[in-house]
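Peer 1: Read off the chains here:
Protein chains: 2
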Amino acid sequence: MEKISNSDDYRTNKFSKYLRKFQVPHTLELERGETLEEVIIAYETYGEINSDKSNCILVCHAITGDSHVAKHDEDDLPGWWDIMVGPNKPIDTNKYFVICSNVLGSCRGTTGPNSVNPKTSQYYANDFPVVTIKDMVKVQKILVESLGIKQLLGVVGGSLGGFQCLEWATEYPEMIKACLPIASSPRLTTQGLAFDVVARNAIISDPNFNSGNYYDYEKKPDVGLALARMLGHITYLSKESMNEKFEIDRNNPRDISTSFEKKFSVGSYLAYQGERFVERFDANSYITLSTALDLFDLGNEKTTLRKNLSNSKCKWMIISFSSDWLYPPYQSIDIVDALLSESKNVSYCNIESNSGHDAFLLSADIESYGEITKSFFANIFEKEPKNIKKEISSKKVKIGLTNRIDFKYISNLIPKQSKILDLGCENGELIKSLSQYGFKSALGVEINQSNVIECISDDLQIIHSNLDKILPKFYDGQFDVAILSQTLQSIKNVEIILKEMTRVAKYSIVSFPNFAFKPMREMFFNEGKAPRVEGWYGYNWYDTPNVRFPSIDDFVEFCEEKNIQINKSLYLDTVNNKEIKKDPNLNADSAIFLIS
Amino acid sequence: MEKISNSDDYRTNKFSKYLRKFQVPHTLELERGETLEEVIIAYETYGEINSDKSNCILVCHAITGDSHVAKHDEDDLPGWWDIMVGPNKPIDTNKYFVICSNVLGSCRGTTGPNSVNPKTSQYYANDFPVVTIKDMVKVQKILVESLGIKQLLGVVGGSLGGFQCLEWATEYPEMIKACLPIASSPRLTTQGLAFDVVARNAIISDPNFNSGNYYDYEKKPDVGLALARMLGHITYLSKESMNEKFEIDRNNPRDISTSFEKKFSVGSYLAYQGERFVERFDANSYITLSTALDLFDLGNEKTTLRKNLSNSKCKWMIISFSSDWLYPPYQSIDIVDALLSESKNVSYCNIESNSGHDAFLLSADIESYGEITKSFFANIFEKEPKNIKKEISSKKVKIGLTNRIDFKYISNLIPKQSKILDLGCENGELIKSLSQYGFKSALGVEINQSNVIECISDDLQIIHSNLDKILPKFYDGQFDVAILSQTLQSIKNVEIILKEMTRVAKYSIVSFPNFAFKPMREMFFNEGKAPRVEGWYGYNWYDTPNVRFPSIDDFVEFCEEKNIQINKSLYLDTVNNKEIKKDPNLNADSAIFLIS
Numbered sequence: 337m338e339k340i341s342n343s344d345d346y347r348t349n350k351f352s353k354y355l356r357k358f359q360v361p362h363t364l365e366l367e368r369g370e371t372l373e374e375v376i377i378a379y380e381t382y383g384e385i386n387s388d389k390s391n392c393i394l395v396c397h398a399i400t401g402d403s404h405v406a407k408h409d410e411d412d413l414p415g416w417w418d419i420m421v422g423p424n425k426p427i428d429t430n431k432y433f434v435i436c437s438n439v440l441g442s443c444r445g446t447t448g449p450n451s452v453n454p455k456t457s458q459y460y461a462n463d464f465p466v467v468t469i470k471d472m473v474k475v476q477k478i479l480v481e482s483l484g485i486k487q488l489l490g491v492v493g494g495s496l497g498g499f500q501c502l503e504w505a506t507e508y509p510e511m512i513k514a515c516l517p518i519a520s521s522p523r524l525t526t527q528g529l530a531f532d533v534v535a536r537n538a539i540i541s542d543p544n545f546n547s548g549n550y551y552d553y554e555k556k557p558d559v560g561l562a563l564a565r566m567l568g569h570i571t572y573l574s575k576e577s578m579n580e581k582f583e584i585d586r587n588n589p590r591d592i593s594t595s596f597e598k599k600f601s602v603g604s605y606l607a608y609q610g611e612r613f614v615e616r617f618d619a620n621s622y623i624t625l626s627t628a629l630d631l632f633d634l635g636n637e638k639t640t641l642r643k644n645l646s647n648s649k650c651k652w653m654i655i656s657f658s659s660d661w662l663y664p665p666y667q668s669i670d671i672v673d674a675l676l677s678e679s680k681n682v683s684y685c686n687i688e689s690n691s692g693h694d695a696f697l698l699s700a701d702i703e704s705y706g707e708i709t710k711s712f713f714a715n716i717f718e719k720e721p722k723n724i725k726k727e728i729s730s731k732k733v734k735i736g737l738t739n740r741i742d743f744k745y746i747s748n749l750i751p752k753q754s755k756i757l758d759l760g761c762e763n764g765e766l767i768k769s770l771s772q773y774g775f776k777s778a779l780g781v782e783i784n785q786s787n788v789i790e791c792i793s794d795d796l797q798i799i800h801s802n803l804d805k806i807l808p809k810f811y812d813g814q815f816d817v818a819i820l821s822q823t824l825q826s827i828k829n830v831e832i833i834l835k836e837m838t839r840v841a842k843y844s845i846v847s848f849p850n851f852a853f854k855p856m857r858e859m860f861f862n863e864g865k866a867p868r869v870e871g872w873y874g875y876n877w878y879d880t881p882n883v884r885f886p887s888i889d890d891f892v893e894f895c896e897e898k899n900i901q902i903n904k905s906l907y908l909d910t911v912n913n914k915e916i917k918k919d920p921n922l923n924a925d926s927a928i929f930l931i932s
Numbered sequence: 337m338e339k340i341s342n343s344d345d346y347r348t349n350k351f352s353k354y355l356r357k358f359q360v361p362h363t364l365e366l367e368r369g370e371t372l373e374e375v376i377i378a379y380e381t382y383g384e385i386n387s388d389k390s391n392c393i394l395v396c397h398a399i400t401g402d403s404h405v406a407k408h409d410e411d412d413l414p415g416w417w418d419i420m421v422g423p424n425k426p427i428d429t430n431k432y433f434v435i436c437s438n439v440l441g442s443c444r445g446t447t448g449p450n451s452v453n454p455k456t457s458q459y460y461a462n463d464f465p466v467v468t469i470k471d472m473v474k475v476q477k478i479l480v481e482s483l484g485i486k487q488l489l490g491v492v493g494g495s496l497g498g499f500q501c502l503e504w505a506t507e508y509p510e511m512i513k514a515c516l517p518i519a520s521s522p523r524l525t526t527q528g529l530a531f532d533v534v535a536r537n538a539i540i541s542d543p544n545f546n547s548g549n550y551y552d553y554e555k556k557p558d559v560g561l562a563l564a565r566m567l568g569h570i571t572y573l574s575k576e577s578m579n580e581k582f583e584i585d586r587n588n589p590r591d592i593s594t595s596f597e598k599k600f601s602v603g604s605y606l607a608y609q610g611e612r613f614v615e616r617f618d619a620n621s622y623i624t625l626s627t628a629l630d631l632f633d634l635g636n637e638k639t640t641l642r643k644n645l646s647n648s649k650c651k652w653m654i655i656s657f658s659s660d661w662l663y664p665p666y667q668s669i670d671i672v673d674a675l676l677s678e679s680k681n682v683s684y685c686n687i688e689s690n691s692g693h694d695a696f697l698l699s700a701d702i703e704s705y706g707e708i709t710k711s712f713f714a715n716i717f718e719k720e721p722k723n724i725k726k727e728i729s730s731k732k733v734k735i736g737l738t739n740r741i742d743f744k745y746i747s748n749l750i751p752k753q754s755k756i757l758d759l760g761c762e763n764g765e766l767i768k769s770l771s772q773y774g775f776k777s778a779l780g781v782e783i784n785q786s787n788v789i790e791c792i793s794d795d796l797q798i799i800h801s802n803l804d805k806i807l808p809k810f811y812d813g814q815f816d817v818a819i820l821s822q823t824l825q826s827i828k829n830v831e832i833i834l835k836e837m838t839r840v841a842k843y844s845i846v847s848f849p850n851f852a853f854k855p856m857r858e859m860f861f862n863e864g865k866a867p868r869v870e871g872w873y874g875y876n877w878y879d880t881p882n883v884r885f886p887s888i889d890d891f892v893e894f895c896e897e898k899n900i901q902i903n904k905s906l907y908l909d910t911v912n913n914k915e916i917k918k919d920p921n922l923n924a925d926s927a928i929f930l931i932s
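Chains as they are written, first to last, in the working numbering: chain E, 337 to 932; chain V, 337 to 932.
Please note that the accuracy of each hint is not assured.
The list cannot tell twin chains apart, which means a pair is met if one copy fits it or any two copies do.
Result set (SDA-like, lysine to any residue): computed pairs, CA atoms no more than 25 Å apart in a straight line [to be verified]: (1) Lys865 <-> Gln825; (2) Lys805 <-> Asn882; (3) Lys353 <-> Arg612; (4) Lys809 <-> Asn579; (5) Lys598 <-> Gly635; (6) Lys599 <-> Leu366; (7) Lys556 <-> Ser595; (8) Lys581 <-> Ser593; (9) Lys898 <-> Asn876; (10) Lys638 <-> Glu576; (11) Lys805 <-> Ser658; (12) Lys865 <-> Lys898; (13) Lys638 <-> Glu583; (14) Lys842 <-> Gln825; (15) Lys918 <-> Phe861; (16) Lys755 <-> Gln772.
Because the hints were derived from the structure by calculation, they are not lab data.
No experiment lies behind these values; they were computed from the predicted model shown.
For reference, chain E alone in the conformation it holds in the complex (with noise of 0.2 Å):
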């Protein structure tokens, strides 16, 4: 029997009309020491290069995904990301040059288990080699490199995705300018390897896959891999996004035909979900594919991840989403904290989401996760640096808030050159205001989702997290200069914050509304009421976002107790823009101290 070529999937033939291959014009040597010869790519291209070439954008598809992210035009298929690519889109096709290659192993067009052997002429089935993460990279590097291409934008893709992106940072630093990792982790869990297990036991124990020799007969291991796909399905979503689907109709299974049980709502949807999978896809690949996610290690322990990721240049996004069990967020904090702790310029945001893993691939979080992808691609893609001097206004009605002379007194405190932490950035006017001044590099942390955005749409370096998370992360004097500006309020660990800041940088700066502040003292002796006055202390009792309530002595009582050395105290009357001198704890409304 002659043997189909690989230029089509062996059981379908879905493939869109703008498919293209490319054949890899030497030998390919792999990470574990193998060959492989003629090795084909499938891929696909959106948009037009321009003429510096500096407009191009790499995809990287997750495990089953492939070179077809999107529609290229109405009539063709549909693309496994068309909320993300194409004109308009965050990944605008107008704007940028988009390559999305199958990967090395898959069965989607690209060189794969079920490929003929040039060799033997026999199709590689278990003869194929283990492929790693490395391996699918350095094909699609060969690709990029023979479009002409020397340094791509950058590279995304979520899942499989987003480790084949670690790896080009790693593996080609010069290569990229940015890199997008989205629902992506140093390696995986104990607990993902653990499912990945069991879909390949059930592969390999089905008794038709004979050892992955099955291509010549007729029953394939579709039980098996239908098992394995069922079993992906459950990690992909989210306990709340399966109780929303199946929970209305619980105990009434779909009509479906199938031969699996067919007894739930949520049976009948694996089952049917099982069964279609195996007509798109090959279990030699599932197994090639998932055995590359699980041997991808950049390290466990921090120093090891740090070693892993140090020698990459590009600046980094990386986008986690609450509810993704499979790939929890704080795997992707341990990256971020990685590359911090390697003076690497990233960003992270963790977008809130009851989508589970899947959340990259569904239009539910778009506006958050396409709005960060939009601009980290615009920010850098757009060379001309931002004006991001926002005008700050001089109205002088309350105490802080609106004048921020603050910010030009904090601005005195911190040396040329400086890596600068800020906590509680909000939505970053600290930083912009400092950017006037110069400064190293300025990394802001903030809570607050949509501070976040803003931050990551005027290109300021920005981690999603509260502080008592981050902090512990951070090595000793990783920061010249740690900023607690009008935050330290609305803290409950005030103790921890303030060590961790004095461990983690050289000098820290804290500013905060003087409770003691005469007006303040004068309200609540003569009415007896909780002191308010307008600006930073403009809350009723019951709803402020503040917490504690210090005044300049019981800062400088506190800082004497714990040992925080104060190098310098400036008190301030942002009313009337100016220095106070005299009795600051009773006509200051507000201190900025340095300590350390």
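With chain E's structure known, arrange chain V on it following the hints.
Peer 2: For chain V alone, kept in the frame of chain E given last:
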């Protein structure tokens, strides 16, 4: 071939010599209409039954468990709950008569698919009917009655065992005094259901399954059953506990012989567990029992759940584990909420644990759940009411804290025979004090686990939760009086909590330390430091548990603004043990408001 009697496991014969058999003396009618003849129940008992048969506890096992809950003597086989059941253990067999029977449909001695059908003299195999939790409990009830027991002191069990507890309480309400479901739920989540579906599909797709008729063949559906077990194992562990176990040697599979993949540490573990499991468990039983689990359904809606739990008469204790993602804590809270809505006596504790669903089988958290179990049964068994009136100190040194004269005033505001809700009840001091004056019921809500365990030990009804989560679950007017005693200053969402209180109770009592108390004002005005007075406001500004600082006037103004009616107010000088009438905002150190 002669069929082997069901008194032995069909593949191995590892049973304790203490295992006993009981035959149901009549035809067993099942929930779904079918019948079973000559049903055998395998069971074991521990300890001695007392003269009035009031010391009997039934332990219900999980899906793969059996009647051998604990070893009977040193030479006996290990039991599956040796940490919990035995002399001087939490379920003390020196005190209680403990019964544990293998569930209907299992393969560990009780009639199941691998038993011989007396009507046909063939194995039941796929003729074995669908059994439900109701059927399992029905058989247990027949057994219990055969032992001459009219009422059980209690039933306890985790997972499937928890489902049996729920069924006992609702199906035979007169027959149990106490019910303790652990790591349980009203019904499986869709996610849990989906895992079961995949597990069963793995079994039924195994070619050796032969539609369930495999007992006469050498080859059994071992591969499918092993896959099911592997999958189950993952869901029983938490992400954290899997990492702890397998990250250290992630890439080093243990040296076992297996036909499954042997690539990672966790992979070899799962292969081993899967392959050992088939030696002691029957595939048809696994299908039977997991189907019973999946069909168990007390309802997803509060109204249905309430209805289904409404006829229970026992005292309830519900335990969940924080890292259990198969039976997540929120599902236990749903049960608690429904029971409360039906005015049942229920307490709840969510044990902080890393061990996932399996936590109830492991020793790591035995100190907490063991202690609760012990107290819960002891408080019912030892009928003499405990002296819960603790000595109330009369030292007069601090505002509040030691001299709780406020308790007396609060008690005067509460009509006799009230249903009381005490929010933030700490170790239950107020409830204990109020019990002197008489109430219909008193429910405490508390966030701290050791406080919760202390309350349970003192036989108080207590819910382990924060206020924001539990209050929205209560229905309008569910309580007569809600109390927020000295807690207002430590909650952030003051407005929401107060609105919820006035919604769920006819009257609410709010007591708090008056921040505008004269010494506080003077200290702040004169010294300009965050005011401190020993007692409720005796903390440092930077680590006080207080985050709100209400004065009497502030609170009154707040009530006016929010249309909350103040029915009565009392102002106290707790140091001098007297009521303050004149200018309370200045002179009272604390206040008590009755609002609605």
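Peer 1: Among all the numbered hints in the text so far, which are the ones the structure does not match?
Peer 2: none
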